[in-house]
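Protein chains: 2
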Amino acid sequence: MKVFIVFAHPEPQSLNGSLLRTTVEELEAQGHEVKVSDLYAMQWKAQVDRADFPHFPAESRMRVAYASKDGYETKTLTDDVKAEQEKIVWADTIIFQFPIWWNTMPAILKGWFERVYALGFAYGIGEHSDKHWGDRYGEGIGLGKRSMLSLTIGGWPQHYSARGIGGPIDDVLYPITHGLLYYIGMEVLPPFIVWKSDWLDDKGFQTAADELRGRLRTLSTTKHIDFRKQNGGDYEIPTLTLKPGLEDPSTAGFSIHSRKAEVNGTASSHK
Amino acid sequence: MKVFIVFAHPEPQSLNGSLLRTTVEELEAQGHEVKVSDLYAMQWKAQVDRADFPHFPAESRMRVAYASKDGYETKTLTDDVKAEQEKIVWADTIIFQFPIWWNTMPAILKGWFERVYALGFAYGIGEHSDKHWGDRYGEGIGLGKRSMLSLTIGGWPQHYSARGIGGPIDDVLYPITHGLLYYIGMEVLPPFIVWKSDWLDDKGFQTAADELRGRLRTLSTTKHIDFRKQNGGDYEIPTLTLKPGLEDPSTAGFSIHSRKAEVNGTASSHK
Chain R
1 MKVFIVFAHP EPQSLNGSLL RTTVEELEAQ GHEVKVSDLY AMQWKAQVDR
51 ADFPHFPAES RMRVAYASKD GYETKTLTDD VKAEQEKIVW ADTIIFQFPI
101 WWNTMPAILK GWFERVYALG FAYGIGEHSD KHWGDRYGEG IGLGKRSMLS
151 LTIGGWPQHY SARGIGGPID DVLYPITHGL LYYIGMEVLP PFIVWKSDWL
201 DDKGFQTAAD ELRGRLRTLS TTKHIDFRKQ NGGDYEIPTL TLKPGLEDPS
251 TAGFSIHSRK AEVNGTASSH K
Chain B
1 MKVFIVFAHP EPQSLNGSLL RTTVEELEAQ GHEVKVSDLY AMQWKAQVDR
51 ADFPHFPAES RMRVAYASKD GYETKTLTDD VKAEQEKIVW ADTIIFQFPI
101 WWNTMPAILK GWFERVYALG FAYGIGEHSD KHWGDRYGEG IGLGKRSMLS
151 LTIGGWPQHY SARGIGGPID DVLYPITHGL LYYIGMEVLP PFIVWKSDWL
201 DDKGFQTAAD ELRGRLRTLS TTKHIDFRKQ NGGDYEIPTL TLKPGLEDPS
251 TAGFSIHSRK AEVNGTASSH K
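If you read the sequences in order, they're chains R and B. Following UniProt numbering, the numbering of the first sequence begins with 1 at its first residue and continues without gaps. Following UniProt numbering, the numbering of the second sequence begins with 1 at its first residue and continues without gaps.
Calculated from the structure, these hints are not laboratory results. Treat the hints loosely; a few may be bogus.
Which copy? The list can't say, so a pair holds if one copy fits it or any two copies do.
[Claimed, not checked] For lysine-lysine, the following DSSO-like pairs were computed, each having C-alpha atoms within a straight-line distance of at most 30 Å:
hint : residue 1 : residue 2
1    : K87       : K145
2    : K69       : K203
3    : K196      : K69
4    : K243      : K87
5    : K69       : K45
6    : K145      : K35
7    : K196      : K82
8    : K131      : K223
9    : K45       : K87
10   : K45       : K35
11   : K196      : K243
12   : K229      : K196
Chain R extracted, bound-state conformation (with noise of 0.2 Å):
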């Protein structure tokens, strides 16, 4: 396999450092192919902003969108972006490994997917019409490749379950997993999640790192999440609502997208 590692987190000595390092050893290994992006490392710019964009025009009102659709077609994006989508592009694989921060990605990692999923690479391709709108949920230039997020979370499993303060782990993830992995088509495992990271001790590292392994070699044949493809039948469109008759009607929220089954088992890794 082709694995593409996306790493975030500012000290090499961490706790996801050394699951980083796990990884890679893990992986090569077993004779896969295996490229990092160590964001802090690489100082990636975390913000999108005019820089971004050289070919556009100084005086200009600057739509992001559109500036990064002319930037990738004109291919005068940044050096930096370029390679990123080239990775992107190689992989079989993804792997992004960081630390859940205020219920989501460090700020850096967010940057990553603003700078580098360009109106026209990443999304606002393929047909848009009242069957078909757009590439995306389950289409798109991740299509027949894999993906998994390798996350540790200060707080206890307990915050994050089905009545806990912080929302099911599953619901906060959505928009990661759901919203950037699936939109470009790609297959989303389940998470490998170390909870509790800052009371982790040697013991309690060794199994968060023997599981890793297990996920690692697991990687090509682990069910992944089943979430329904946008242009798969299930959703009227435009308006992108699930269609009656799916799911029970008295039921909203994120788990609607997604059969039931595997959303239970998500919810249960690694507790």
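Given chain R, put chain B in place with the hints provided.
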């Protein structure tokens, strides 16, 4: 009132820029004091890293949360971070104006929270016992303050409705409204949202600006989202799970952490 506005968009001529100017003009016309942090104009450093903690020994493993606690307690955080903390303390109302990009805030604003919400300032404060799990979710430095998100979204309201593919907008915003604003004790008003932002014409903008002015004139009287207090008796401590008997036991997801009438109320804003 003392109103602090945090603004995150790279283009002053953008819709977000126009909404910011509308907000400042309306608030000043009402006689309020206004401070604005225009993150892009300030060249705000978007990512938290070692440079945020000049007091921290260069050779030591940096644990971000504890480095921020040390920096806060020794008053050695950087001046830009200290200035933002002072604005939070100064304000009685905080408004965040930004575009929803990839289902959440821009990276530069995420980095604002990562850097400004230091341990000891925004969290990790108050008693930790079997009755009180820190001053957070309804208690903290934000107590007595109000907050509101003012947003633009490229998508349609239907895409973020109860059965829309993006998930209900209240759920999409929950990690921000509940996880960041209510987290420090602020009351959170229903968000103001301009939908289909890429298709807004002049007439649409005037309508949106009028609605926004209406929201700004009722900042002190609008009913806030009725999130449940962490230490108010509704949760088991320390698992922070909603107690049996509250909400339908078959209901999971973010919505159980506020009283239902309010959730429906916010979901219908500006459609």
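Checked hints:
Taking the shortest alpha-carbon separations for K87 and K145, only the intra-copy value of 12 Å comes in at or below 30 Å, while the best inter-copy value is 45 Å. Proximity of K69 and K203 under a CA criterion of 30 Å is satisfied inter-copy only: 27 Å between copies versus 49 Å inside one chain copy. In this assembly of identical chains, the alpha carbons of K196 and K69 lie at most 30 Å apart only when taken from different copies (19 Å versus 41 Å within one copy). In the homo-oligomer, the alpha carbons of K243 and K87 never lie at most 30 Å apart, since the shortest distance is 36 Å inside one protomer and 47 Å across protomers.
In the homo-oligomer, the alpha carbons of K69 and K45 lie at most 30 Å apart both inside one protomer (19 Å) and across protomers (26 Å), since each shortest distance falls under that limit. For a Cα distance limit of 30 Å, the shortest separation of K145 from K35 inside one copy, 15 Å, qualifies, whereas the shortest one across copies, 47 Å, does not. For the homomeric pair K196 and K82, the shortest alpha-carbon distance between copies (29 Å) is at most 30 Å, but the shortest distance inside one copy (36 Å) is not. In this assembly of identical chains, K131 and K223 lie within 30 Å of each other by CA distance solely inside one copy; the values are 28 Å within and 41 Å between copies.
For a Cα distance limit of 30 Å, the shortest separation of K45 from K87 qualifies both inside one copy, at 17 Å, and across copies, at 26 Å. Within a single copy, K45 and K35 get their C-alpha atoms as close as 19 Å, and across copies as close as 27 Å, so both meet the 30 Å cut-off. In this assembly of identical chains, K196 and K243 lie within 30 Å of each other by CA distance solely across copies; the values are 22 Å between and 39 Å within a copy. Only between protomers do K229 and K196 lie at most 30 Å apart by alpha-carbon distance; the minimum there is 22 Å, versus 34 Å within a single protomer.
Hint compliance for this structure: hint 4 alone is broken.
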